[in-house]
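Protein chains in written order, with this note's numbering: chain A, 1 to 565; chain B, 1 to 353.
Since the hints were made in silico from the structure, they are not lab data.
Possibly wrong hints are sitting among the right ones.
[Stated by the list, open to error] Derived SDA-like pairs (lysine to any residue); straight-line CA-CA distance at most 20 Å:
no., chain 1, residue 1, chain 2, residue 2
1, A, 258, A, 226
2, A, 329, A, 311
3, B, 296, A, 329
4, B, 296, A, 435
5, A, 430, B, 344
6, B, 296, B, 237
[Stated by the list, open to error] If we take Cβ atoms under 10 Å as the criterion, some of the chain A residues that face chain B in the derived model are:
no., residue
7, 205
8, 384
9, 463
10, 464
Here a beta-carbon is modelled for each residue, glycine too, at the ideal position from N, C-alpha and C.
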Amino acid sequence: MNTSSQPHTQASPGLASHPKVNPSQKLWKFHGGVHLPEEKDLSNQGPVVATAVPKRLVIPLAQHIGAPTRPCVKVGDRVFKGQMIGEPQGYVSAPVHASSSGVVTAIEQHAMPHPSGLPAPSVIIETDGEDAWASDLPEPVTDFHQLDADALRTRVRMAGIVGLGGASFPSSVKLNPGKDQPIDTLVLNGAECEPYITCDDMLMRDRAADIITGARIIVHLLGAERCLIGIEDNKPEAIAAMRAAVAEQQPQTSASIKVLVIPTLYPSGGEKQLIRILTGKEVPTHGIPAQIGVVCQNVGTVAAVADAVLRGHPLVERFVTVTGRGIAKPGNFRVRVGTLANELVAASGGYTGELAKLVAGGPMMGANLATDAVPITKATNCILALTPAESPDPGAATPCIRCGQCAQVCPANLLPQQLYWHARAKDLDKVQDYNLFDCIECGCCAHVCPAHIPLVQYYRYAKNESWAREREKRASEHAKKRHEAREARLERLDRERKAKLRKKKEAITPKTKTVPGKSASVGGAEKTAPAGAGETPIAGGGDDAGAQGTKQPADRQTETAGNAP
Amino acid sequence: MIAGSLTSSPHSARISRVDQVMLQVCLALIPGTVAMVWFFGWGIIINMLLASVFAVAAEALVMKARGRPALPAVRDLSAVVTALLFAITVPPTLPWWLTLIGILFAIVIVKQLYGGIGYNPFNPAMAGYVFLLISYPVATTSWLPPDVPSLLEARDLVHLSFVDSVRLIFTGGLPLETTWDAVSGATPLDELRTRLDQNVLMADIRQSPLWGWVGGQGWEWVAAGFLLGGLYLIAIRVITWHIPVSLLGSLALLAGLFWLFDPNHFPAPWFHLFSGGAMLGAFFIATDPVSAATTKRGQLVFGALIGAVVFVIRTWGGYPDAVAFGVLLLNIAAPTIDHYTQPRVFGHARGKS
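Chain A with its partners taken away, still in its complex shape (with noise of 0.2 Å):
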């Protein structure tokens, strides 16, 4: 709480209660980050409140980074809840399950919890209230022990788990980092850092053992040999749940288990970041954790592993913050995946009037709603209503004074300076060289600095132009390659059957004498022609000059070819 000027810092009182920050344990540090004004104590003060089964389900078919899934119900189905209604497609993909038992009246579009507004593929589902689980649940396993990696990854794969920290990438594929990347360590995320949401502090504190337990059917999955979770020091009863949990279930593992107090600081509980600061390792660029023996899961995501092998359960739930001082009153929910944004808003009492924006996510990184009528995905863990006092329109940007206060937060080491100049000025290779692809957008540059540039956007912008400068280079090489082979096939068959014609002919007339020095110029242009015929198609990218050398011998033979008869 360095900042003076902030609208809403308040002297946290939770601080001189915080729990000590690891006095045995060596915690590393990332270059910058800001301190945020504390906001969860809006959301964090009463009970995870569950909700009743919505009348209506709005269930998006991709909830997931990968292959969208295929709807494998039809409108007038009647589903139960586990029943997987859309199955995975390809590797980086995974299931979708309906969250309550009904019938699916309609298999259309519905608009998503998504910046571009568009809306996505969703099976909507008309609830019955009785909320029965289907009845071909995979088993419960009690010593989840008897399972192997394959099974315990497949139950994972099938039960639709993805990261539940915002990124919702297929659990199973992180689960799965090959033979030849051994993992030791498994760091679990409770950091929890961007200001406002309190999902994971309230799942930490209601299923601190199924979370621990999960931990260690992954560290049993993985072989990995500790496990380092990270969790905030604005988070008290958390970290005290979670040490209870460990304490309780450390003797049932050989694996040696930790809870991390790691200081408050945004971006901790960014992947890399939090990797950084409780191992001291980097993960290096373009690169994954596995790369140097880490596998990071969200804590929630744990607990759906969890779930899934002890209970049999797939993913139909999640807690979600509904918070802000937009809306009257703030909480967290339990709450089946499908439930429209404007049903959990309405549970908190509803909006105060007074609404600047709406979000989901959190500040720093959420996603800006255009309208609260789509539904909670496996990835919002927060729908957040900011007033226009805790988020005021920060007027238009003025000129880059390069004081450099991007420069000392960015978490990536990164000079988002030298990144904007270039970006504005559409210079993409300029914007590579200044290692664009390194941003993880976590917004830090944007909110410290003072001439109120919204970095975060030329960042975005010049990642998507790079892109898609990418993919029509990309076009325009395969349409050369295309083009290429061809003009190469043509000449080929062109060339055969011309050479077909020729031998017809010679067939035809046998005995004619023709002019010795025709035959030799015929016979030149048949040797020539399958030499370049079989050059052009491999070399793919053949020049010009090789496409003019193989052309002349056939514009030759078309000659002879002419003047033959």
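Keeping the supplied structure of chain A fixed, place chain B upon it in accordance with the hints.
Here is chain B on its own, set in the frame of chain A:
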């Protein structure tokens, strides 16, 4: 329900504004300015006001001429900061029209013709000062003696009142029965140069009534004031320590080496630090973010090279002080320095960015 504005994350309240940053710089100038007024009279304040009015007017006019709104440009206070730094750098008796010329050069040519705030490669205040220094060397180097009674008596000097200052600035008229020699005096750095050129030993030079504890009489307090303001700027994170520490460090290191080698002909390092524009330059001028190096390692190089230039020019060059030259010379080099001092990005191998 349709929510409010749709913008990119982050959605939180921003911490600071450019005008707040500039205002903090103005506040940090107070201790040094107070010391200057104490020792050199009201001319400082008059110049500050004059320069500010000229700077704001010039900024507004150019913005209008460029077809852009004038108000936001004026409101960011950057022109005022330029004006204050300029006014502190020039003598408190500078004729008003020279202030006008200097400010016009700084704001119109050095700042606005390059695109306005954020785009100027040179520090406008220093460019304006150096422009005057080269064009009007006498007027720009004629300082008043510090108002220390013993010194005034020893040298038979007259101190200017507020009214005298006003008259001098606006009409160029000296008080009755006073000559220019009776109101002006050499600065310690000036005096040092002259005496060393006359082969006077340091020990004897230090006997001059112009000398105080660590720097010149009065001047050392001014420097201390800017040091204090500079530390405040570091404490509230408007600037970082890198440029001031490397600038003062390299100046002190070079001065210290020569002083240890030959204390008779080279002044002590603390004399260098507390004389001339060293403190003001280190904390307020070299740290101008727009024209300085931006990477942390780059800032260390940038500051150290300015310190070296200052020492070299003070010791062997044609001017008694060289902070302005040092800053401007390194302003040119800042982009190159930045290019070669990029930090290692997270997750990248060491030794390669």
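Under the criterion of a CB-CB separation shorter than 10 Å, is residue 384(A) in contact with chain B as hinted?
-> holds, 8 Å
Is residue 296(B) close enough to residue 237(B), meaning Cα to Cα at most 20 Å?
-> Holds, at roughly 14 Å.
Is the interface hint for residue 464(A) satisfied, with its Cβ closer than 10 Å to some Cβ of chain B?
-> violated, 12 Å
Residue 296(B) paired with residue 329(A) [C-alpha distance capped at 20 Å] = violated, 46 Å
Taking the least C-beta to C-beta distance, is residue 205(A) closer than 10 Å to chain B?
-> violated, 25 Å
Satisfaction of hint between residue 435(A) and residue 296(B), Cα-Cα up to 20 Å = holds, 17 Å
Residue 258(A) paired with residue 226(A) [C-alpha distance capped at 20 Å] | Holds, at about 8 Å.
Holds or violated: are the alpha carbons of residue 329(A) and residue 311(A) at most 20 Å from each other?
-> violated, 33 Å
Given hint residue 463(A) near chain B, where the shortest CB pair must fall under 10 Å | Cβ of residue 463(A) sits 13 Å from chain B, so the hint is violated.
Satisfaction of hint between residue 344(B) and residue 430(A), Cα-Cα up to 20 Å | This hinted pair holds, its Cα atoms lying about 17 Å apart.
Of the numbered hints given earlier, the model fails hints 2, 3, 7, 9, 10; all others are met.
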